[in-house]
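Colleague: Spelled out, the chains give:
Protein chains: 2
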Amino acid sequence: MAPLADRKRTKSAVPKKKPKAVKPRRSGSARKPKAPVSPLAPKSFPELPAIAGVSLATAQSGTRYKGRHDLMLAVMETGTSAAGVFTTSKVPSAAVEWCQSRLQEGRGNARALLVNAGNANAFTGKAGFEAATAIASAVASAVSCRRGDVFVGSTGVIGEALETEKIVGKFTVLAGSLAPDGWIQAASAICTTDTFPKLATATAEIDGVQVTINGIAKGSGMIAPDMATMLAYIFTDAAIPAEVLQTLLMLTVHDSFNMITVDGDTSTSDTVMLFATGKCAEHRPVNRPGDPRLRDFREKLAEVATELAQQIVRDGEGATKFVTVTVSGAANARAARKIANSIANSPLVKTAIAGEDPNWGRIVMAVGKAGEAADRDAMRIDIGGVTVARDGMVDPDYKEATVGKYMKNKEIDITVDVGVGRGEATVWTCDLTHRYIEINADYRS
Amino acid sequence: MAPLADRKRTKSAVPKKKPKAVKPRRSGSARKPKAPVSPLAPKSFPELPAIAGVSLATAQSGTRYKGRHDLMLAVMETGTSAAGVFTTSKVPSAAVEWCQSRLQEGRGNARALLVNAGNANAFTGKAGFEAATAIASAVASAVSCRRGDVFVGSTGVIGEALETEKIVGKFTVLAGSLAPDGWIQAASAICTTDTFPKLATATAEIDGVQVTINGIAKGSGMIAPDMATMLAYIFTDAAIPAEVLQTLLMLTVHDSFNMITVDGDTSTSDTVMLFATGKCAEHRPVNRPGDPRLRDFREKLAEVATELAQQIVRDGEGATKFVTVTVSGAANARAARKIANSIANSPLVKTAIAGEDPNWGRIVMAVGKAGEAADRDAMRIDIGGVTVARDGMVDPDYKEATVGKYMKNKEIDITVDVGVGRGEATVWTCDLTHRYIEINADYRS
Numbered sequence: 001m002a003p004l005a006d007r008k009r010t011k012s013a014v015p016k017k018k019p020k021a022v023k024p025r026r027s028g029s030a031r032k033p034k035a036p037v038s039p040l041a042p043k044s045f046p047e048l049p050a051i052a053g054v055s056l057a058t059a060q061s062g063t064r065y066k067g068r069h070d071l072m073l074a075v076m077e078t079g080t081s082a083a084g085v086f087t088t089s090k091v092p093s094a095a096v097e098w099c100q101s102r103l104q105e106g107r108g109n110a111r112a113l114l115v116n117a118g119n120a121n122a123f124t125g126k127a128g129f130e131a132a133t134a135i136a137s138a139v140a141s142a143v144s145c146r147r148g149d150v151f152v153g154s155t156g157v158i159g160e161a162l163e164t165e166k167i168v169g170k171f172t173v174l175a176g177s178l179a180p181d182g183w184i185q186a187a188s189a190i191c192t193t194d195t196f197p198k199l200a201t202a203t204a205e206i207d208g209v210q211v212t213i214n215g216i217a218k219g220s221g222m223i224a225p226d227m228a229t230m231l232a233y234i235f236t237d238a239a240i241p242a243e244v245l246q247t248l249l250m251l252t253v254h255d256s257f258n259m260i261t262v263d264g265d266t267s268t269s270d271t272v273m274l275f276a277t278g279k280c281a282e283h284r285p286v287n288r289p290g291d292p293r294l295r296d297f298r299e300k301l302a303e304v305a306t307e308l309a310q311q312i313v314r315d316g317e318g319a320t321k322f323v324t325v326t327v328s329g330a331a332n333a334r335a336a337r338k339i340a341n342s343i344a345n346s347p348l349v350k351t352a353i354a355g356e357d358p359n360w361g362r363i364v365m366a367v368g369k370a371g372e373a374a375d376r377d378a379m380r381i382d383i384g385g386v387t388v389a390r391d392g393m394v395d396p397d398y399k400e401a402t403v404g405k406y407m408k409n410k411e412i413d414i415t416v417d418v419g420v421g422r423g424e425a426t427v428w429t430c431d432l433t434h435r436y437i438e439i440n441a442d443y444r445s
Numbered sequence: 001m002a003p004l005a006d007r008k009r010t011k012s013a014v015p016k017k018k019p020k021a022v023k024p025r026r027s028g029s030a031r032k033p034k035a036p037v038s039p040l041a042p043k044s045f046p047e048l049p050a051i052a053g054v055s056l057a058t059a060q061s062g063t064r065y066k067g068r069h070d071l072m073l074a075v076m077e078t079g080t081s082a083a084g085v086f087t088t089s090k091v092p093s094a095a096v097e098w099c100q101s102r103l104q105e106g107r108g109n110a111r112a113l114l115v116n117a118g119n120a121n122a123f124t125g126k127a128g129f130e131a132a133t134a135i136a137s138a139v140a141s142a143v144s145c146r147r148g149d150v151f152v153g154s155t156g157v158i159g160e161a162l163e164t165e166k167i168v169g170k171f172t173v174l175a176g177s178l179a180p181d182g183w184i185q186a187a188s189a190i191c192t193t194d195t196f197p198k199l200a201t202a203t204a205e206i207d208g209v210q211v212t213i214n215g216i217a218k219g220s221g222m223i224a225p226d227m228a229t230m231l232a233y234i235f236t237d238a239a240i241p242a243e244v245l246q247t248l249l250m251l252t253v254h255d256s257f258n259m260i261t262v263d264g265d266t267s268t269s270d271t272v273m274l275f276a277t278g279k280c281a282e283h284r285p286v287n288r289p290g291d292p293r294l295r296d297f298r299e300k301l302a303e304v305a306t307e308l309a310q311q312i313v314r315d316g317e318g319a320t321k322f323v324t325v326t327v328s329g330a331a332n333a334r335a336a337r338k339i340a341n342s343i344a345n346s347p348l349v350k351t352a353i354a355g356e357d358p359n360w361g362r363i364v365m366a367v368g369k370a371g372e373a374a375d376r377d378a379m380r381i382d383i384g385g386v387t388v389a390r391d392g393m394v395d396p397d398y399k400e401a402t403v404g405k406y407m408k409n410k411e412i413d414i415t416v417d418v419g420v421g422r423g424e425a426t427v428w429t430c431d432l433t434h435r436y437i438e439i440n441a442d443y444r445s
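Sequence lines, in order, name chains E and Y. So the first sequence is numbered by the numbering used here: it starts at 1 and just counts up by one. So the second sequence is numbered by the numbering used here: it starts at 1 and just counts up by one.
Among these hints, one or two may not hold up.
Listed below are the simulated EDC-like cross-link pairs for lysine to aspartate or glutamate, each with C-alpha atoms no more than 16 Å apart in a straight line [claimed, not checked]:
hint, chain 1, residue 1, chain 2, residue 2
1, E, K126, Y, D391
2, E, K279, E, E205
3, Y, K43, Y, E307
4, Y, K399, Y, E356
5, Y, K338, Y, D395
6, Y, K126, E, D377
7, Y, K338, Y, D255
8, E, K338, E, E424
9, Y, K279, Y, E165
10, E, K126, Y, D413
11, Y, K399, E, E160
12, Y, K300, Y, E160
13, Y, K300, Y, D255
14, E, K399, E, E356
15, E, K399, E, D382
16, Y, K408, Y, D375
17, E, K126, Y, D375
18, Y, K43, Y, D417
19, Y, K126, E, E205
20, Y, K279, Y, E411
21, E, K126, E, E163
22, E, K300, E, D255
23, E, K399, Y, E411
24, Y, K126, E, D391
25, Y, K126, E, E160
26, E, K408, E, D375
27, E, K126, Y, E205
Hint data in this document are derived by calculation from the structure and do not stem from the laboratory.
Whole structure, please, built from the sequences with the hints as guidance.
Modeller: Laid out in structure tokens, this is it:
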């Protein structure tokens, strides 16, 4: 594939702020055969506008990957607030620990974000945290800010020492090439086994002032082959204090990034961060997450987060189907989430979808194993809007041929009413195919 | 494959009570290409001795399968006590509901067990329970016992109505062909997608009296393609009251059948039952599970149950490796079980094993996602007895080539010490291969 430097030159010839059909290209590794772009990839990428107070740069570190950029630097102006949601793993990566300590001790101020792809700096002992600290120090020197205001992200191999010197050696170049555009390059630089970069944008109004929300993400499998992680970074020029931002982000993640699953595996490095520069046209201060003037912002933030989350599923390792699982009638929302995840994570449901088999018996099985209340004899299952089973048995009018034909689509909707209450939830997932096994078993890393 | 009738004739020519090298053959379905016998299958089957008070028969129902027996009848003499452990699924099959109600209302008396393969009679509404009741009634007539003392098992397709008449029509033939031998035929008749029948036997002493324990099981994938279920039936001629038997069985299942996983999916029909005829040479009554005279029986029962459980893993769909995951150093036994299951169920760990890749980073990930206490910086991982990681990072002496060579074995041992307590657990599983996807996605059922 073409190095990103070429892509950047091509891109600079086109006008800004308009959606543009950029053909998806994979972000490759020199160590594995080239993977084809996911059949579920978006047809084109959105063109992300500049965000006041944010500048970006990318570079090639010379560590794991050949012929592509694998470092991403974002610098934010003074006054930027930050929020973060991180992996629940009991063995988090050094970068996650660094970011969590910064948010706790730094009162949510942020000036820079540096992400490296190819090495997760996870399970690397004390040396790992020292490496994260050294990177933050070097970024602080290069962009003239406090070390405590620098956030870091690492994604890639677990258990290998980070080649810190090679990475740090690129910071002068990175600081010198900062520019307000280059979102697709930034999204590409943080990829590992992703077959396409992930971007989303929206505009919102706060108190009559227009603000922009841009997001980039990477992820392909909850943890990719020897690679780790879902990372997502969202930037806005809105002026929102860190405490409010943190609550907004947590609420948003709950219904977006926490509602996707590829293989049920959880990375040591999963990270979603939200930065608000406050450099939009001035709006009156917002001091609480429930402020009605934040309503449009909350909606648009949810849109950006959901779009990024769904793109990660669309790049799920080996995915050929994008599956929406909606559960209703559960005892409560938490129970609905658990049942929906049980269906979405079931290897037998996922392989049936891969085989285009409307095997609703496996959906019944997955509901049953979730451990949440379900009324077998009131249960109803619809696939693609067609009722397959109701009142605890196959629908008398069900014709397998109809649903069998529907299963050939790339987008599959499954809805299940478990008949006990009013809890609802929607989870997005993909199918489980030979390609998943190929990616994760056939190639030695 | 040869019909079981042929196999029976061949077998009757060989002497009893000695281990015999019977070549594994698959129990097939006419609706799918023939599956090869699992590479992890035992080299030969044990010859199971007769058990005083138990007689067996098998027949072909003419429902789903062609050219093989798919009905198994076991008749036990008066005085037999029964115990059962069943699926935790919230949508259990009709057979499971029938057996549970019999154990609750029938004070643990048992006279007969009828199992059909090919149709799980699950998610079949009220008609399903009526079918189970009709089968029990017909068995009771055929063998002259109370309906309430008849247990039933069903395994196969979910959601299709059982062809009760075809099954019931064979009961006269079944009752007429009851014999004290025929364990391999019984084990074969309950198979669905299994590639070999599963049998185990042991002798134990209770109060100086020798008793026999025979077990048969089926299962290949926690729930096989459109087929459901792990079923295991264990018989003994010991004299043990039902309440004691129930406790012994629950304790045994906890460390055997509950410690295996193929794909983490849970059937609607999982069943383990234990029948004790009391027809051994007389021993003094045992009235509590902790009776020291039951010590040897408990051990041998655990051996039989563990052997059957491991055989199910060895016949895991697509399995090429038998994997033992041992976790120590957890906060308590429950935490150790959860961490061991998290490792054993991780698609990324299982695909790495399939790829013969000593990808210990994925083991770290799976420990982290279990949600139980683990001290990252004290954690130790051994593969095949070689220390891979310790003190939270790769072992300085670790050579990937050594462990890479070990990964080519069919039996893989993974041990993880999470460094916080004294909780231990062992889980048995298999790898996740292309063949699993083939079995579950490529063939329409």
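Colleague: So which hints don't hold here, by number, going up?
Modeller: 5, 9, 10, 12, 16, 18, 19, 20, 23, 25, 26, 27
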